[in-house]
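**Q** Fit chain G to the known structure of chain U by using the hints.
There are 2 protein chains.
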Amino acid sequence: METNIITISREFGSGGRTVGKDLAERLGWAYYDKEIIKQVAVETGFNEEFVAENGEYAPTKNLLSYILSSGNGTPGIMNGLSVGDFIWAVQSKVITNIAEKGSCVIVGRCADYVLRNRGDCLNIFIHADMGARAERIVRLYGESEKSPEKRLEDKDKARRVYCKRHTGLDWGMSQNYNLSLDSSKIGIEKCADIVYTLVKETEQNF
Amino acid sequence: METNIITISREFGSGGRTVGKDLAERLGWAYYDKEIIKQVAVETGFNEEFVAENGEYAPTKNLLSYILSSGNGTPGIMNGLSVGDFIWAVQSKVITNIAEKGSCVIVGRCADYVLRNRGDCLNIFIHADMGARAERIVRLYGESEKSPEKRLEDKDKARRVYCKRHTGLDWGMSQNYNLSLDSSKIGIEKCADIVYTLVKETEQNF
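Chains as they are written, first to last, in the numbering used here: chain U, 60 to 265; chain G, 60 to 265.
For reference, chain U alone in the conformation it holds in the complex (with noise of 0.2 Å):
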């Protein structure tokens, strides 16, 4: 089936970004990330980086009370749901709509899950060695209190525990998309060429 939305799910620091973006110009589809971000934000009330901590991330506090928490029947704020489930609602929504659109890269966000029944998705994972993801996010990002091994280590911890509290999936496990590219081995550019290659050759045979 032809390609018309690829989601890039991505290690922080691996440049899926980066690819998500080159691969939508060199397509000439739209590209969706912090865009996501700022119409939950008008959805919710909610200020945008308060949505992008947790539209992504389990909490870093009280992670067992937020893996086991659920929306049916826990004290909530929203409409019976936690301040999480809520921002997952209204998020997935937002993914849907944006979908609907028209052809588009879309990154981060579980967009591969919520947009599972729709059959025209190209799923990516793009991730990196810790050498190559440490090295680039004190490039792009700076020093910080914490090594860059242990803010790596925290962030996939994060994304790892929201995608299995959303979703029910493992992040990261190969069967859960369609092509996994290790980018410090393969090269970010090389990585979009793979991925940019085939939605291509798939539209010919279409």
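For the record, the hints were derived by calculation from the structure and aren't laboratory data. Among the hints, erroneous ones may be present.
Any copy, or any two copies together, can satisfy a pair, since identical chains are not distinguished.
Unchecked claim - Below 35 Å or equal to it, Euclidean Cα-Cα: the simulated DSBU-like pairs (lysine-lysine) are:
no.	residue 1	residue 2
1	Lys223	Lys205
2	Lys223	Lys249
3	Lys160	Lys209
4	Lys205	Lys160
5	Lys223	Lys209
**A** What follows is chain G alone, placed relative to chain U:
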């Protein structure tokens, strides 16, 4: 770094072996799959069928004791090793020797892990959705008493446990491979094309 070895890990029924054979032919490289079983059988004295079963799959019975068992200090029959650990040790040596002979494609048997310190391996994982795999194994191997889905689930579990037991890694986790491909979405032949192109392009850079 230039690629001299391609390792192919794969879900049963995904066509991973076909991808491996195709790659070896097109690259003019040696291809190892059943050859490894033959060599391990010669070196251990076990028959080939026994080696095939115990060199890639956890036993279906006594799974817990298999997971918990260790070569050190447990009552064993081969130099203090359990049968599983003995086959693993010989098989690892066979794979290491094979890789030293020259460029090759090696299918299965955790060769990615065995050769992890070489630095010139491209590690591939081939998977496919359950429907495509079920159709493929019935077409290739015929029906059996168990449903094809049940046969696949049993195989997946035995490979996952075997991998975890001997390498400590999660079988199928993207981060353990350089490239993971969904052959049911991409096509078996196209999977081989992608890997072939990647290897040839890397060659040109050295």
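**Q** Next, verify each hint and record whether it holds.
**A** Evaluation of the provided hints:
no.: 1; hint: Lys223 x Lys205; verdict: both (26 Å within a copy, 31 Å between copies)
no.: 2; hint: Lys223 x Lys249; verdict: both (30 Å within a copy, 31 Å between copies)
no.: 3; hint: Lys160 x Lys209; verdict: neither (39 Å within a copy, 40 Å between copies)
no.: 4; hint: Lys205 x Lys160; verdict: neither (41 Å within a copy, 45 Å between copies)
no.: 5; hint: Lys223 x Lys209; verdict: both (21 Å within a copy, 25 Å between copies)
In this structure, the earlier hints numbered 3, 4 are contradicted, and the remaining ones agree with it.
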